[in-house]
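Based on the hints, put chain G in the right spot on chain B.
Chains as they are written, first to last, in the numbering used here: chain B, 343 to 730; chain G, 660 to 827.
Don't read these hints as lab results, they were simulated from the structure. Quick caveat: nothing in here was measured; it's all calculated off a predicted structure. Treat each hint with caution, since some may be false.
As the list claims (entries may be wrong) - These stretches of chain G come out as covered by chain B in the derived footprint (C-beta under 8 Å, 3 or more residues):
#: 1; segment: 676-689
#: 2; segment: 693-702
#: 3; segment: 708-722
#: 4; segment: 738-748
#: 5; segment: 751-764
#: 6; segment: 814-821
Unchecked claim - With a cut-off of at most 27 Å between alpha-carbon atoms, the simulated DSSO-like pairs for lysine-lysine come out as follows:
#: 7; chain 1: B; residue 1: 482; chain 2: G; residue 2: 712
#: 8; chain 1: B; residue 1: 660; chain 2: B; residue 2: 649
#: 9; chain 1: B; residue 1: 482; chain 2: G; residue 2: 809
#: 10; chain 1: G; residue 1: 825; chain 2: B; residue 2: 482
#: 11; chain 1: G; residue 1: 797; chain 2: B; residue 2: 482
#: 12; chain 1: B; residue 1: 616; chain 2: B; residue 2: 649
#: 13; chain 1: G; residue 1: 797; chain 2: B; residue 2: 504
By construction, the Cβ of each residue, glycine as well, lies at the ideal position given by its N, Cα and C atoms.
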Amino acid sequence: MGLRKVAVVGAGMTQFVRRAQETPKELAFKATRAALDSCELSIQDIDAICLGTAPDTFDGIHMNGEYLSDGVGALGKPYIRSYVGGGTGVFVPIQGWYHVASGLFDLVLVVAEEKMSSYYPHPQGAFLTIFDHTTERPLKPNLLWIFALEMNRYMATYGISKEDIAQVSVLHKRNAADHPAALLGDKKITVQDVLNSEVLAWPVQRLDVSPVSDGAVAIVLAAEHVARRITDKPIWIEGVGWSLDTAYWTNRDLAYPRYVEVAAKMAYEMAGIKEPRKEIHIAEPYDPFDYKALHHLEGLQLADRGKAIELYLNGSAKRDGNLPICPSGGLLGVGNPIAAAGLMKIAELFWQLRGEADGRQIPGSPQKGIAQAWGDLMQVGTVVIMGK
Amino acid sequence: MNAKNRYYPINSLPESAFQDGSILFSFDTFNTRYAWDCGVAIGEYLAGLREGKIIGSTCPKCHRTMVPPRLFCEWCYQPVHHFLPLLDTGTILTFSLCYVSWDVQRITEPEIPAVIAIDGASKNHGILHKIGEIEPEKVHIGMRVRALWKAPEDRTGDITDILYFKPE
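This is chain B alone, in the form it adopts within the complex:
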């Protein structure tokens, strides 16, 4: 296709917390500075900047990308902000990728920031306007409805139990206990804890859900000739894909995320991957809810429909298993500052593939990883494949 090879050469992130004192700009600055420091670059080296941040409603600032620009070092540079809901964190590195792959820029900074806590009394309110204003909003829906409806449909279609799905939450939250930036890591959590947690919107219970969070993540992308001057361990972006399903969500098959399948197939084809179950060594599927990790693993073709739970039940999903899933701790454990949470998964693959994931390191020199996010009205799939 005449595209240039693109590498990730640096990454940094803030802690994820329930409520940060720092403003969105200050959060973005800290993550950006950490990413630049990690590869010993200065902002003057950067050619262009891509920012991902979710609805303007969270911050109550119209054109939030412009407001945040100073915090991400965009002064006087080509700069763009993208937003595809929860899928943003894995879309913004795709946008950064085509900035570099196209030949237009050699060094691009990709930043994702989210501060959810300013919205009062609870950021869930910021999501109410995703429902159709005439046919749905008069019913006074809340965001939990759509997840609960999808989870119930998924469970009923394949006969999957709440007990089994709780294993996802347990593994991810335990993994997060090894992540220095995590909000909800818990080494001792059990399936019983998840099943005993408060019912919010059955079948969704408190510990099935990722926490509201504030935080930011940044990575640095480089063209091949530049990457090799910056680091001897570049991690390549080998495939990208994204796709959108219909917004008429009540007419869709809620048990299977076809939009993730389309995005994954695009990324696998670009990466030359024929047998993802053998060739992918780490998966970071998007896990704002525990069942979503399973749903997405199936869309990513890493499990047959209704069978992703077996990866958890047979131990494959653990860090020392055949297909480690969310070794970071995922959104369920590290936290879910929407856009930043997706980019955290890209940063995790970067650290894992370089062998720099410290206490979270997967053994055996993994070669390829996949990260995926999902969002808008349960309809967007964004996928990135990375390799050594």
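For chain G alone, kept in the frame of chain B given last:
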């Protein structure tokens, strides 16, 4: 690269800081008001609801019948002109028992949102509505339900002209 410049610590605030005034903050509200035109297809839908009917539309190319109706088929990208009344009965595709309100206040009696496949529409073509007149623990996927309408004189051409769906 080392671990210390990879994860940047930030200041975590407890919720109580906003109650006891131990930090400085500003508070604001927006008054945003809208009058939304319902559009052509949803206009048909709302007019149907006022008459006690659920209206769908059929694609001339793939022949599927959609609800809520639209003026185009997003599968075929064809214009759609054929509107037709469906039945006011259907099957629960999925449901939830919801114990929290939009602002995460707790509620004792759960709301029961559901996606209901409407009889006369294509397979798995449902609408979002609520279930009523049933013990929450008795609701199940596959259950047959029927719309409970407001009295004709109280209908305004709104999705709430159906109060809820109840067991058939």
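If any of the earlier hints don't hold here, list their numbers in rising order.
As far as the earlier hints go, 3 and 4 are violated by this structure, in ascending order.
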